[in-house]
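Order-wise, the sequence lines are chains A and B.
Residues in the first sequence are numbered consecutively from 1, following our numbering.
Residues in the second sequence are numbered consecutively from 1001, following our numbering.
Source of the hints: derived by calculation from the structure; they are not laboratory data.
Possibly wrong hints are sitting among the right ones.
Below, simulated DMTMM-like cross-link-like pairs (lysine to aspartate or glutamate); rule was C-alpha separation at most 25 Å, straight line [what the hints assert, rightly or not]:
id: 1; chain 1: A; residue 1: K234; chain 2: B; residue 2: D1086
id: 2; chain 1: A; residue 1: K182; chain 2: B; residue 2: E1080
id: 3; chain 1: A; residue 1: K240; chain 2: B; residue 2: D1083
id: 4; chain 1: B; residue 1: K1172; chain 2: B; residue 2: D1211
id: 5; chain 1: A; residue 1: K240; chain 2: B; residue 2: E1080
id: 6; chain 1: B; residue 1: K1260; chain 2: A; residue 2: D83
id: 7; chain 1: A; residue 1: K91; chain 2: B; residue 2: D1133
id: 8; chain 1: B; residue 1: K1260; chain 2: B; residue 2: E1152
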Amino acid sequence: MEKASHLSVIVDLSPTQWHLSAQTSNQYPLSIETFLSQLLAFLNAHIASKHENSLVVFGALPGKSVLLYSSTELLSDDVPSLDANSYLPFKLVDSTVVQRIMNEFDAIGELEEEPSCALVGAVTKALCYINRITHPSSTTAGVAEDPSIVHDPRILILSVSPDLSSSYIPIMNAIFSAQKLKVTIDVCKVYGPDTVFLQQAAHLTNGSYIYLERRDALLQYLIMSFLSPTSIRKILAVPKQDKIDFRAACFCHKNIVDIGFVCSVCLSIFCQPLPVCSTCSFLSIHSNDSMLLAPFSLLQTHA
Amino acid sequence: MPVQSLQNTDVIVPQHTPHPLLPFLQSQSQTTLTRLYQRPSSCLSIFRLLGPIERQLIMNLLWLESALSVATISAWVLPEGKDAYDSALAVMTGLHIAQNSAVKLALNPTFKSSLRQAITGGGSTGSFGVPTDKDGKRQSANIENLDAYALERWETILHYMVSSGQGQNPTKPSQGVLYLLQRSGLMNNAHGPALQITSSGFQFLLHSPHDQLWNLLLQYLHMAEERQMDLVEVLSFLFMLSTMDLGREYSTEPLSETQKAMLEDLRDYGLVWQRKTSSKRFSPTRLATTLTSSSPPLPSSHSTGGSHTADGTGAVALSSGAAQQGFIVLETNYRIYAYTDNPLQTAVLNLFITMKYRFPNLVVGMLTRESVRKALGNGISADQIISYLTTHAHPQMRKNNPLLPVTVQDQIRLWELERNRLKSAEGYLYKDFASQADYEYVLAYAKQLDVVLWENASKRCFFGTLEGHANVRGFIERRTGSV
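One chain only, chain B, in its complex shape (with noise of 0.2 Å):
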């Protein structure tokens, strides 16, 4: 019955996991987002982070002018996506997209026409980034350098986190994005002046770089509200920047006083690139242009395989695939073969491998029960080295079904049960009870509660948690009192 399984299958509704920024957007008041709003590149971008269910529903409403009533929407939806439907309204309910009353739903006004604007085109908020002429004395940077770029910034931050363990002294990343990581708790100085990874910033490491970049610029946006910025301008500036055209030039002059600073930390980061620190004109990077997208924000981590990159508009969505290529090979005998170069892999894959060889283009190393170990002993868990290794699986090892060695992800799962043989839990320890009776009738009532985790009838005692402590010792207490 393979065929009926699949059919099966396809009927479930499509998980979507939300956008990190959304519960963040969510928080802000509305007048915040209102004035969010007045951007077409912000609504557009808000619009893409959204889930296919919300997309269609604005959709359906976004050229309607009048509100329509619930009971008419309701009877789009069919009903086993009604779970769906109920959580994508909400989510437009929160960031004030969709307004939602009892009887009638209608779309933000501000958010209609500017998304209306943005699909259209027109009008005069230049949201979408002023572009510069053609400087005709220098070449602007072409994409290629534009990549590289990006990608030596970014591995700088991510090769200094990951090496900070170890003594080793990389180089350094800027004050700025130090500063940023000590807040994110992704390092923190807790042993000596020197900064150190923290067991949250290891996970991070594992993460693909779209979540890593989101997580960062989540801890920015944090950062900008403490530092007084106008988060309406950092979010519609990041905005922007996310629907800029790769390898073209954009002029600062319209920009404010506080997307001009954030110029400055976003160079840092690696999303734009600017000639000097006084241009007047700067590129977004492809980390700042796939900020709204899910296809691989860095070309590719590879040296050797550097002949994939991108040379056109043209082509970026069919090199994207190739850009993508794994490296690992992993074995049912626990070998790894990791076919790169890259200092940062290598160093990421020695957070949970023995190392064994290194050559060129080639590291070999083990997963032994030390290593990994290791590695859960650092906060990551066997579910994020699983992923890791299937998301940078090398090409060959797609043919198998399933991908890793079964084997292999048992074993790493049962390494990661080890350390979770003892539990704690905080509670009270109940004893020294009277008479068989007495314990037995205490005994029911906590169980009646749900709030008994461990009991020993021999030796007339039991384990109760600290929230029903007060109830049980209550029911003693009159017990006691009325005897």
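Same shape as in the complex, but just chain A (with noise of 0.2 Å):
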């Protein structure tokens, strides 16, 4: 019996960004509501595939992340009202997920200077949600055959900020959380740079990362690279990176770094050599120099 698929999407909801991808001046401009309305036909093509299929939607905004739809519970008081043209659980997730968005964008008011967005935060919420779906309590764990227990847990990351190297290590500590819980990190970089992060994540977690080229063709983009569950993935190949960057960010100036200095005791990178590891206090009285760490390149590339 074929299981039911697991997808959390986490929306990078930077009104920054947004607002800089919406401009003319880009070849291809994609606006946040070009860019919801084919996000929630993709929700919808999730939930169409299989009744069991169970979809959170995590929102990263600056500062905070929030839950913005689960399947498995109800989030706002008001159910739509049925109409005859519409299958309920997609106008469910449509008016939900447009509501709360609506709803955080409203509440964030005039700012002097945005903070970053919490896409650590969001990530580590969806890790928890999926770690609470994947092993049920107790009393019903007994339940092998239960179709509604899901097998192979994805998560779906839909990125426009840059890189914030001040994250490296929370982001690290997700991706290797991510790992034992066999989940996939799929990477969709909708706007801006590439980020060197999130193509860890992804490289490391057996996802795809896909850098948008035409924008205008997200839906397409979205469907094929990211709606098939992993058994999928070995029939019908999904686009992988051949070239990731696996440059890691220093601990003490939170600097993105191609030659570090690693301590030989707790593996702490800097990015110049000091006298004392600043994370573990490793003195080394047999050094004659400065140079107490072996300097270490960062600078891979996945063949």
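Need the complex rebuilt from these two chains, each delivered in its own frame; the hints are there to steer you.
The following block contains the structure:
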């Protein structure tokens, strides 16, 4: 029996980036309205594929992350009225997601400086959610053949913001937990330059990272690359990146470094040699010069 | 090397058994199907019945305006998945969803626009059912009542079947249901006026409720064809029901005459609920709304474990797991403890176990040679018994690996093999050959044709199949003629 699949979608909702993305000076301008309408069609396609498929949508807003939609719990009390021309679950997703995004945007208000988007927070919440549904409470744990227990959970990150080097460590931690939970992380870079960390996230969890070149064909990209569960990807190929940036961010200034210095005890990365490791306070008394830490090239590309 | 072997099994392409409805749809004409595809709800439901590869292919093609060349599409397919891809494509063309010429592949335009409409909403086809306004005077049926109603109807049918052979007199389902059971060959009246369960009926009882439901509906569809009902209307009504929301009331106004007539039949099967026969509104039950899913169509057959009933739309997905709990404990000493007070489950178990004791919530029995042979004699196979025990195993049993004791599984299979000691085949015995050389010469020829079933060199005779007889006889005649 074919198993249900779970999809957690994380939408980067940085107002500044979306404003930039909608500028007509871009080759393919993409406003958040068009983006949302295509995203909703994709979400509906996921629900359409199987009755038991579950879906969660998280939004990464400046300074906080919020749950926008969850197929297992009702978030708003006002269930949209039925109409004869649309399938109720689809309508529920569409109205809930749009309504909650609007509420969140209204709540942002005037700010001097926009805080960075809480992408990591959203990823972590998505992982917690997956952990909850893949390991149901002990009372029902025995029912192994229940089709509603998901088997290949996936996370799809739709990113528009550039890398935030200060979030290097939390992102790596999230990637490692995803590996443990056997969660595939897919990344679609909708706007902005390639992000190093998300490339690594997709690579390490066997997902696919796609840089959106033709932004007017967003929906086709989403459906062809991110709709299929992992079992289908063994039959119908999805694009994988051929080049991955493996660079890391240093722990001292949070810069992305090509060549770093690695503490020989705790493997912390620094952009310059230090006499004492700031993470584990390792002090090498045997060394004469200040190069206590071994230089280590972080620039590799994946074949 | 356990890790290695685990990874290997991962690579195996997931097997998807096609839904029983698909062959029926494939046998329909292209015009019928195209008419069916005009309704978005039908497209959505059919889409869900398809296998995962078909679904992904359809989605890939759905938003494209022009046809894609076959070469481009096959570039997506990994070498290991070639067979699966080919069969998926065959299913799609069989259903006329895809138009496959030698070089281009595109979706059926009707199907494409309807499925697009289903996903984006809008249009004015009204194919997802017209809901009625809240009625202030009467409270609409809540989900609990609907579940109870569906369960009661369904179990009446099954219980009638299971007890028909035992001289009991359970409540009879309606005339329409009886006719359907008889038509589908699940029951017949070969021995006297009363309907008796047949061997396929016994097998039917051990299937999952979802399979049982579709089995009956398929028969209904065949019957609809004979009753001159418009198949498109019948099918689209079923698909419409499957996309409706549980616990709501829909209006009967926009339904066609055929569909109104169907309401009556479906009420008997427990798929829809109506306050009165003349009521202008109806509610689908869980049997109907889960038609295109694999979640259990019936909330729970336990009346004792009723605490798990779903209490809202949101809770359904999570609680359906609890509702499916099994109740059977099977020990290595062939003893079965079934925690149930449901007469239907007891009756089904009684098909293949010898009952020992009955308590208010517990039935104890033994799997014995006699009881299993009785079941085998009724046409139930060993695999069906084992799969029934597996699907209904008690949560405590789930801790065991393998789930059922191997000794018991093997013994059930051995009891089945016992019955298969004799194998019969129709054919011809060739004997009284004049010389050993003659015999060997003919035998060698027959062996070449692969028609020899049995041979005995000392008696100079062999037994060939019916199909090979003409050839072998001709060979012998040519030989005797030439001598």
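Hints, verified against the model:
Taking the CA atoms of K234(A) and D1086(B), the gap is about 15 Å. The hint holds against a cut of 25 Å. With a CA separation close to 23 Å, the supplied pair K182(A) and E1080(B) stays within the 25 Å bound. The straight-line distance between the Cα atoms of K240(A) and D1083(B) is roughly 23 Å, inside the 25 Å bound, and the hint therefore holds. For a cut-off of 25 Å, the pair hint linking K1172(B) to D1211(B) stands: about 22 Å separates their Cα positions.
Pair hint K240(A) plus E1080(B) holds up; C-alpha atoms about 18 Å apart against a cutoff of 25 Å. Only pairs whose Cα atoms come within 25 Å are accepted, and K1260(B) paired with D83(A) is accepted, the gap being roughly 20 Å. As the CA atoms of K91(A) and D1133(B) are separated by approximately 18 Å, the hinted pair is consistent with the 25 Å bound. A C-alpha spacing of about 23 Å is found between K1260(B) and E1152(B), which places the hinted pair at or below 25 Å, so the restraint holds.
Checked against the numbered hints given earlier, this structure breaks none of them.
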